[in-house]
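One-letter residues, chain by chain:
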Amino acid sequence: MTQASAMNLDLDDEARTFRAEVRSWLTANAPTAPLPPMDTADGDAAHRAWERHLAQARLSVVSWPTAYGGRNVPPLHWLIFEEEYHLARAPARINQNGLFLLAPTLFTHGTAEQRTRLLPRMARADDVWAQAWSEPDAGSDLAAIRSRAVRTDGGWLLSGQKTWSSRAAHADRAFGLFRTGADRHQGLTYLMFDLHADGVTVRPIRQLGGATGFAEIFLDRVFVPDADVLGEVDQGWAVAMSTAGHERGLSLRSPGRFTAAAQRLVRLWLRSGDQADRSLRDRVVDVWIAAQAYRMHSYGTATRRADDHTPGQQRGPVALSGGGHAASMTKVYWSELDVALHEVALDLLGPYAETGGRRTDPAGRADDDGSGDAWLDGYLFSLAGPIYAGTNEIQRTVIAERVLGLPRDRR
Amino acid sequence: MTQASAMNLDLDDEARTFRAEVRSWLTANAPTAPLPPMDTADGDAAHRAWERHLAQARLSVVSWPTAYGGRNVPPLHWLIFEEEYHLARAPARINQNGLFLLAPTLFTHGTAEQRTRLLPRMARADDVWAQAWSEPDAGSDLAAIRSRAVRTDGGWLLSGQKTWSSRAAHADRAFGLFRTGADRHQGLTYLMFDLHADGVTVRPIRQLGGATGFAEIFLDRVFVPDADVLGEVDQGWAVAMSTAGHERGLSLRSPGRFTAAAQRLVRLWLRSGDQADRSLRDRVVDVWIAAQAYRMHSYGTATRRADDHTPGQQRGPVALSGGGHAASMTKVYWSELDVALHEVALDLLGPYAETGGRRTDPAGRADDDGSGDAWLDGYLFSLAGPIYAGTNEIQRTVIAERVLGLPRDRR
Amino acid sequence: MILTLSTEQEQFATVLHTMLTEADIPTVAQRWAADDPSPGQLVWRQLADLGVTGLAVPTRWGGLAAHPADIVVACEELGHHALPGPVAESIAAIPTLLTALGDDALCETWLPRLATGELVGTLTVPPHVPYATDADVAALVLRAGAQTLRLGVPGARLRSVDDTRRLTEVIDGALLADGPAVGSAVAHALDAGALACAAQLLGAGHALLEASVRYAGQRTQFGRPVGQFQAVKHMLADVAIGLEFARPLLFAAAVALADQPPTAARDVSAAKVACADAARRAARTALQVHGAIGYARESGLDSWLTRIWALVRAWGTQSWHRGRIMAAVTDGGRT
Amino acid sequence: MILTLSTEQEQFATVLHTMLTEADIPTVAQRWAADDPSPGQLVWRQLADLGVTGLAVPTRWGGLAAHPADIVVACEELGHHALPGPVAESIAAIPTLLTALGDDALCETWLPRLATGELVGTLTVPPHVPYATDADVAALVLRAGAQTLRLGVPGARLRSVDDTRRLTEVIDGALLADGPAVGSAVAHALDAGALACAAQLLGAGHALLEASVRYAGQRTQFGRPVGQFQAVKHMLADVAIGLEFARPLLFAAAVALADQPPTAARDVSAAKVACADAARRAARTALQVHGAIGYARESGLDSWLTRIWALVRAWGTQSWHRGRIMAAVTDGGRT
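Residue numbers (full-length UniProt numbering), protein chains in the order written: chain A, 1 to 411; chain B, 1 to 411; chain C, 1 to 335; chain D, 1 to 335.
It should be emphasised that the hints constitute simulated quantities derived from the structure, not laboratory data. Every value quoted in this text rests on a predicted model; they were computed, and no experiment measured them. The hints are all genuine.
Here are the computed distance ranges between Cβ atoms for each label pair:
#1 P74(A) with G155(C): 51 to 59 Å
#2 R146(B) with G300(C): 24 to 32 Å
#3 G179(D) with P34(A): 43 to 51 Å
If we take Cβ atoms under 10 Å as the criterion, some of the chain D residues that face chain C in the derived model are:
#4 F229
#5 Q230
#6 A231
#7 V232
#8 K233
#9 H234
Backbone N, C-alpha and C define an ideal beta-carbon position, used for all residues, glycine too.
Go ahead and model the full structure; you've got the sequences and the hints to work with.
Next comes the structure, spelled out in structure tokens:
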């Protein structure tokens, strides 16, 4: 009720300056043509070079402490960075497994030695990280993991098979959970390992659409020193889960990605002919609204008072006190939004969708920079969203039980 | 592959003659203005009078044997009758609980005496029937019924409470399941009882929208003679379930209802202004398609060869051998269609929807016969579709387990 | 940047919530629907005492000149309790309209009395708001045209699906103002009303989610609470997601109404579309989760269900708002 | 009235199913995608032996002059096995086009050889079918315009999401016919192709439903088959419902193409919209039920997924077909 602290969307000087710097740096430095696909040798090299360039400008990990290569800026600045990054259509981040999955865990559970040793290299993409979560019989049910870590002198020997490991074909290192005890949840340990170590075999998975870089990892008595255990032995499950919804709900996929894509979708709609036909208009607008909602939701999360940890409705007979589980809501939201966004785009492309809108479409409905592949590849990529990082079915159950407080069922 | 028996939608002479007779009789006889609501005394009388009139033309139960007031015509003729009936916007059937729920059970499980005694009176609406399935703690879970039938000299004494009994406030008789044994499913008996008998108290339920006529029935040692047990004692569950998907998938709500409503929806769309705006066009068309699909599906069911009891796909690795459970698919389909149809209509009416489009809408978007209430009341009525006669959640589980063969779970 | 509630706003919501809980709104609403508005008018006077009716009134005319976010907070709470009466009209649209017109005589006549709760107002803005709600309790009935503002003369009564919305046709009365400035003021008022309407929808949707979660935890079928079934859980999770992500759009729109960037109308429309869709889903799911009992007035769901069904198409249909958004976003600008 | 399959039609489907199962279409399709069409061409000759390629060819030109329902039966089975090649073009659209044109010289040149399987054909019908599929295996490449029919000259290759659809641009070659009669014949051909496309979509959707049900019954997570989870059951039930109610529209459209009532185009469009929506839902659900494994080519899902993604917008988009339906149903007529 006080005007002094009234709601506003104004950026302070620092944030405005930051946005301007990021924008002008990207304008000057972002590649104008797409880099080759990440899962080729050329593309791997080009993406690593881009990351090094970004790191030199101290823009690869802006929210990290300066000691590790960051700028120690608040979450709002990270959102701004992401908005600018996606508007500039800068390259996909080859090290996102490290940056978004491993790094938050290192910050929470890693030792000072681990952070000092691993984070600066990650920030420069000296080490590119792969994730090694899933196994053939442990997808959604991560606690069913069977790959083992057996105690040996000064460390552990890993054996077993991991699958759906993104980036593994060209990455340097990987992280995942390994069985060190019998209990489903209490017998897992979080370990980091070298993909070039003896006993590691990586086999790319031939897949739909071709270009997203999954692989299987076979491990045969692969040595890992004690220094690469993350958190306590046998506590890997808790370590992994504690940062699943890291950064107070700011997630894996930033709103900037979707607001930029929604803008491109609007431009696609404008070029796709009959604007009196509003049958697709509403779907375009709904995507735009959802991207905007996600953006505003993230602003709210980023600017929340330090003493307030409850998302959404703070009162009422049902306490919607999500805490960390609010990340489940965000995950369902952006993943469904991503699928909807690309489905509308393909419907706008009509019969040209199957080729990504390339070349001969007389209406020129390809993507505005001519890379018509983007919508089609983006669609294939988007369909993985509701599946990975906990299927949306599991997320909905988590929301119902942990956020809404409905009675639990055996899974 | 033979041209002689090629697929066709042609009506034979008999069916054509029948359609013409029904149409001309309805043109001459159907009321031009809506009758008063069924749950008022006036409306009850008017609807009963209409049913008697219909019965005199032998049009109230066309598919029944002639001995009971019908014409013994095949299912296709029933579909034709329904198409004409709904196109003529003839009155809702006050005795539909009897006609669509009880009668099929009498045909399958009733004695000759019961059929002779009850069906002709039902056909003329001399007896209007209420259903008495649900109880306060037995809605979807019908086997949880607690109302009891206790053996007495020459019959049974009924005690307990039924609820959501449609038509009970003005009906003559009712039917339902009563507990005669301990076993959840094997201890129920199907009984018919007089709503004017000693010990019966009917209390209308005050409800949303006002006009669909549900009531609670309180029973205190109500006598029912043995002659009014339907099927075997303790076998009521099986009796009730065996006709749940009666008439080989031809269901509770005929396609004629929806094809007629889809036509009215198209007319509403035409009147509702800006036809360049196709944002609602697609929803109108999708309703039209769904109504047409339901119609064609029913035609297929009605004209299926006598030796063919499998709906849908007859082959392939998964045997989609639905049998009686195909009725679950139909139930989900028409109930979702009904909701969609009315939601589109209300969206076409825009801000006038809340009043049913009455009176002062300058675009004249009310219903074409001026009874703008129809869409709004229809919406409230449609929302009950996915709930009653087995919620759609239960139907989907039945489809998954019985039609698709997925593994059963405890309910 | 601030896009969450301040401690003061949370306290304000809590005070309102407590007052409305104690006021027994279900009973108030029943009597309101039966044309006995006196208990409801008492509640409206309590709202005035808390400052709600003066939120959008300038201090010069005895109001609080509050930030639109405060109006969102209040209207969300009023929707959460399904308070009967011309909420969007009297609390948001009319004060905005009169203030925007800037006619001191009109302001002086009406605004102080609206702020103190001495009277409530209602208005029509054809075609978006074709009928007046509760004209009989409103001492001020306005009729806004494209470039005119008139007093409205109540005509025939109409039944709404929400029986607490006692609608009447309104015909033109005395001309109060005309000209392009009126058109602009009416546009402001329409945005203010749409935002208040959206906030009410969100509050009503939350009320239904809460009721559904409560019921699903208690109602037993097949030997276990229905809330243990995955299908029920997932339906309710989707409702929660819809409401959770609609809410920040309300705040963003409130900021836009305060600061009046060129995108203000777009932001109001986004909030209205998202809140209406979220509320509609909450209503459909609440009825499905409750089953037949949801139909019974005794379940108490009906106040929220019927309010939502009435409000989703009021103050601009979804299609109209989507059209405004597309017009805005295709007009360049990267915000 | 007959709207179900005859015994003969069921037997025909079974024979086709057996032949295609034995032909190992997954391997055939892999080689086809790698520009080795010879094993696929062998399958096409087997189709010819079974009469499939002559179904739409008049008896005078060596075909079976079959009822369109027979073509639906065949195309559904070809979609069910994801057979590569210009199915809708060569089996349905081209024979329909040439027959409707009624130019004996053209018919005599091409129809007998299409019927015997000596050659296959492909065509473009811009804007609905902008590229030619598999022009390199087609001895006949046609390009249909609004009022012209020309030979088509293949140009640049394009990559489709479905790598067995080897697309090329086509430019105008020699003029074969022109005038209003050509326009009418092209319209017939477009309907025939759209119906064949719809039937393939339904077949492919069924294949994905079957694969998903099988997988859900086997794959264990959290100590039980995933098919025991209510969420998975309900998703698959909705897929089954979509397919079940789309199928009768295929039959109704086939009857309409045979009898050519004024509503024929409307009925084809209804079938295409319903089958495409049902197939799209089947694809989305299959991927969701399979999880990550669905992405792996070794899962074998990709043939159906990519075929569906390509065909849902081929032979007229959903929006174009919906527009045709609205135009037809607002033109009076109560059928």
